[in-house]
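A.B. asks: Letter by letter, the chains look like this.
Protein chains: 2
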Amino acid sequence: MSGAIMSGTIMSGTKQVGGAAARRIVVVGGIAAGMSAASQARRRDPHCEVVVLQRESDISYSACGMPYNIGDPQRSLDDLVMLDAETARTQRGIDVRVRQLATAIDLAARQVRVRDLERDTQYDLPWDRLILATGAAAVMPPLPGIDLPGVHALRSLEDARRIKRQVRESAVRQAVVIGAGYIGMEMADILHQLDIAVVVIEKLDHVLPGFAPEIVRLAGQELARQGVPVMTGAALRSIEAQGSDLLVHAGAATHRAQLVVVSIGVRPNVELARGAGIALGASGAIATDDAMRTSAADVYAAGDCAEAWHRVLGRPAWIALGTTANKQGKVAGANAAGADERFGGIVGTAGFKLFDLEVARTGLGADEIARHGIDAVGAVSQHHSRARNYPGDAPLTTVVYAERHTGRLLGAQMIGAGTVAKRIDVFATALHAGMTLAQVEDLDLSYAPPFAPVYDPVLIAAGVGRKALARSAT
Amino acid sequence: MSGAIMSGTIMSGTKQVGGAAARRIVVVGGIAAGMSAASQARRRDPHCEVVVLQRESDISYSACGMPYNIGDPQRSLDDLVMLDAETARTQRGIDVRVRQLATAIDLAARQVRVRDLERDTQYDLPWDRLILATGAAAVMPPLPGIDLPGVHALRSLEDARRIKRQVRESAVRQAVVIGAGYIGMEMADILHQLDIAVVVIEKLDHVLPGFAPEIVRLAGQELARQGVPVMTGAALRSIEAQGSDLLVHAGAATHRAQLVVVSIGVRPNVELARGAGIALGASGAIATDDAMRTSAADVYAAGDCAEAWHRVLGRPAWIALGTTANKQGKVAGANAAGADERFGGIVGTAGFKLFDLEVARTGLGADEIARHGIDAVGAVSQHHSRARNYPGDAPLTTVVYAERHTGRLLGAQMIGAGTVAKRIDVFATALHAGMTLAQVEDLDLSYAPPFAPVYDPVLIAAGVGRKALARSAT
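In order, the protein sequences belong to chains X and A.
Mapping to the numbering used here: the first sequence position 141 is 141, numbers consecutive.
Each position in the second sequence, counted from 1, maps to that position plus 474 in the numbering used here.
The hints are simulated quantities; they were obtained by calculation from the structure and are not laboratory data.
One or more of the hints may lead you astray.
EDC-like cross-link-like pairs, simulated, lysine to aspartate or glutamate; straight-line CA separation at most 20 Å [what the hints assert, rightly or not]:
1) X:467 with X:442
2) A:638 with A:553
3) X:164 with X:289
4) A:941 with A:669
5) X:467 with A:814
6) A:941 with X:442
Computed from a prediction, not measured in an experiment: that's the story for all the values here.
Only chain X is shown next, with the shape it has when bound in the complex (with noise of 0.2 Å):
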C-alpha cells in the first residue's frame, strides 16, 4: 500500500476543525474483512471514530485455519486469533462491541440498528460511512436432525470450538463429512489423521466439485488410498439419534457416526443489504465497485458478503475466500476514511492439502468455461516435481484451459505430492497478465534438482496446452 504518502495526504483533509465531529465509520462484522477495514480506516484516518459491530464473541480469526487447528491437540483455537477486542480498543483505537447484531439499515437516516445480544436491548448507531462485511453462513439442507448435538457446521470458531471440544471429550470413533469440497477434503484429512473412521457423503458423482476430472480421479485415489470411503452420488436424507450416536442416512445407506460435519457450502449474509435496498449482483451477493462501494452512497462492502471483480470472467463474482476478504476490507477502511484505492480482482485461486497430496487451482474451470459458452480447449499433462531421481520427486499432474482462438490462458489445476499451491501461483499471475500459454511456456522459471525439473510442470503443461490448441485448430 502506498500508505506512507496516502495518509499523510489525508490526515490533513481531515483534521477536526474548530470541535467539529469527527467521521464515523461503522463496520458491520469484525472478522477477516470487517477487522482489515477497522484497521486499515484507523491507519488512514487517526482522527476518525470507527466501531465494528461483531455477532459473535470473537473478532478477527482464521476461518481457513480452523481444520488444521482442530487436527493438532497441543493447539488452542485461540492460536488463531488475529487480534482480540480489548487489543483493538485499547492498542488501535477500534471500538469493537461483540454480540451485537445489525439488524437494519436506514439509508436516509444513516444509520444502523442493532440488538445487543448480551442484554437483548436495541439501539441506532448512527454513520459517516459504513462497510458491510457480513460475511457468508454455512448452507445446512433443512433435514430431519440436522439440529441434532454432535452435527457440526464449520464456519465459525465456535463451530471449531464445539468439534474439538466433542473430539476431546467424547469417543469419537466414526464421523461422517457432508460435501465434498475444500472444508470436507480437509475435515476428512483431519479426521482421519486423528485416527476416526470417517465417511464422505457427497451429492454428485464425484469428489471436489469444480476440478477437472483427472484431478478429481486423482483425489478419489489418494482418498481410497488412505481408507476414507467416498459415498457418491448419494444427498443426504436424515439423520437420527440412537443412544449416543447419530445415524445418517444418505442415498440408500445409513452411516454410524459420532459426529457429523456438514460442509455442502456457503452463502452471503446479505439479508441486512437487501433490507436496506442495496443492490445485490447476479450471483446473489452484494454488488460492488473496485472501490468496494456498493449501490447506496458511503456504504461499501468487503468479503465473503461481497463480489468481486474476476479478471479472467471480465465481470463479478461470488467466490468467498479469506485471501480475498482480507483485502477488499483493506480497500474498503482506507476508501471509507477518504482514500482512493482500488481492489485488483480475483482470478479463482484456491488451495488445499489432501492428505499426502497438494491440490489447487486458478481462473476458470471445465464448468465455468461452459456455463459463460467460452470456447476453449483443455489439456492433462504428468510431470515432476522435481529433477528425476532426486529424493522427494513426485508426479504432479495438470490440467490446463485456454481459450481456443487466442491461445489465451483461462485456468490451470494442479494435483501431487509435491508444491502444487505455490506453482498454481505463476499461472494465476499469469491470467492477472492476460498472457496466452505460448508467453506461459516462456517464462523463465527457476531450475534446480531439489525444486523442479528443468522444465518446470507449469511449462510443460502450457507445451502440451499450446499443442493441444494447434491441434484443434486443425
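Given chain X's structure and the hints, the job is docking chain A onto it.
C.D. replies: Frame of chain X; chain A shown alone:
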C-alpha cells in the same frame, strides 16, 4: 511448442525431390543445448541429416544434477544421462559422434574441421545449417598446483566422476571449496552431508555474489550454523601436494584438504565462433537474435556459449543456465530445420538449496541495477512460509527492487526454510509481464495454512516495496 502443426508444414516443404540430397544440420556440442537442438531439428524435419559433434564421451547429461548426485552414494552418475549416443542414433536417427572436437569453421565453404580425438585424425564436415552449442568452461586460475590430482572443477560429467570416485575410494576427510557462488554453495552442502569437513574460500568479502546483503547475511548464518567455515576476502594463491594431502594457500591462511573443488565461475566457449569471425556480444558470448541466429548466415548458437535477450534489461545478456540452454537449443534446432520459432528471453531466474534453506533470485540484482545506471528502490521484508503456528512454518526474507519513477518490478531475491524457488517464479512471471509492484501486490495467490499465510510473502514483499517507493518519492 506448436509442434503438431509446424512439423506438418515443414515436412511437406523439405521432402526430397528427385533424389536431391537431404539438408545436413551439424550441431557442435552434445549436452543440453546441443542435444535439444538435434532432437528438435530431427522432429521438425524427419528427412534432414543431423550430426552432433561432441568433444566428451558423454552426451545429454544434466550438469545441474551433478552436485546432488555426488552427494548420494546410492546413485550412479549415469542417472544424469538423459539420452546415450547409441539410443540417439538408433531411436532418434541422430548421428552422434563423441570424442570429436570441432577446431575451425569455414563459413564460405560451409564446412567444419573436426579432430577425431579417438583416432587422432582430422576431417572436414560440410553443413547446410550449423548450430554452435559449445557451452562454457570452468574458469581455472593459472596458479601453482591447480593441476594437481585432487583439484577439480565441476563442469563435465567426467569431473563429477573424478570427484565421486575420489570421495568413494580414498579417505577424503577435509575439502576446500574455492568460490562461494551457486556451485560452491551446493558442493559445500553436499560434501558436508558426506561428513567431510569443508572450508569455503571466497575472494570477495561475502558469499553469494550478486545477492543482496540481507540474503548474503542469512546464507552466512546458515553456513555457520551448519559448521562450515567461510574465509572471505581470501584469494587463492597456490596449492601444493604434501604426501596424500593438498595444502591450499589462500589469503594469509593454509588449509589442509584431500579434495579441492574450484568453482569461481565459467566463461563461454567461443574460440570456434571467434575463429570464424562470428560476432560476439558485449558479454563475450556469441551474439544471437531471438531466432538464435548468429551474425553468420545459417549458423545458430544456443546454450552456455550464447547470449540471450534479457527482458528486464531490454538488451542481450549472458547467464549460463541449464533451462535457458534447453530452450534455446529447441529454438535453434527448429529454425535450422526451417521453422520460425522465437526464444522468449530470460529474466535471470536461478535457485539452489543451501543446507536447510532455499535461495533463489530473478531479475536484476543491486550490482546490475548500478551497472546499468537504473534509478531504483530496494526493500527488504520478513514474513512466513506458512500460516502462523502451522507446523513447518519458517521465516522467509525477501528483497525486491523496483524502478523509482515507474514502480516497475526489476528483481526479487528470497531465502528461507520454506518454498522459495517457486515463489520466486511468481516474481519471474511478473517480470515477464512487466508488472509494477502495485500489480504484484494485487495478485490473487493461493492461500491455505499448509502452504502460505493469508498474505503470501510475495504480496508482503511487494507491499513493503511499494511503501519504500512512496517514501522515496517524497
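A.B. asks: Next, verify each hint and record whether it holds.
C.D. replies: Here's how the hints hold up against the structure:
1. X:467 with X:442: holds, 14 Å
2. A:638 with A:553: holds, 14 Å
3. X:164 with X:289: violated, 39 Å
4. A:941 with A:669: violated, 46 Å
5. X:467 with A:814: Cα-Cα ~16 Å, so holds.
6. A:941 with X:442: violated, 31 Å
The structure shown violates the earlier hints numbered 3, 4, 6.
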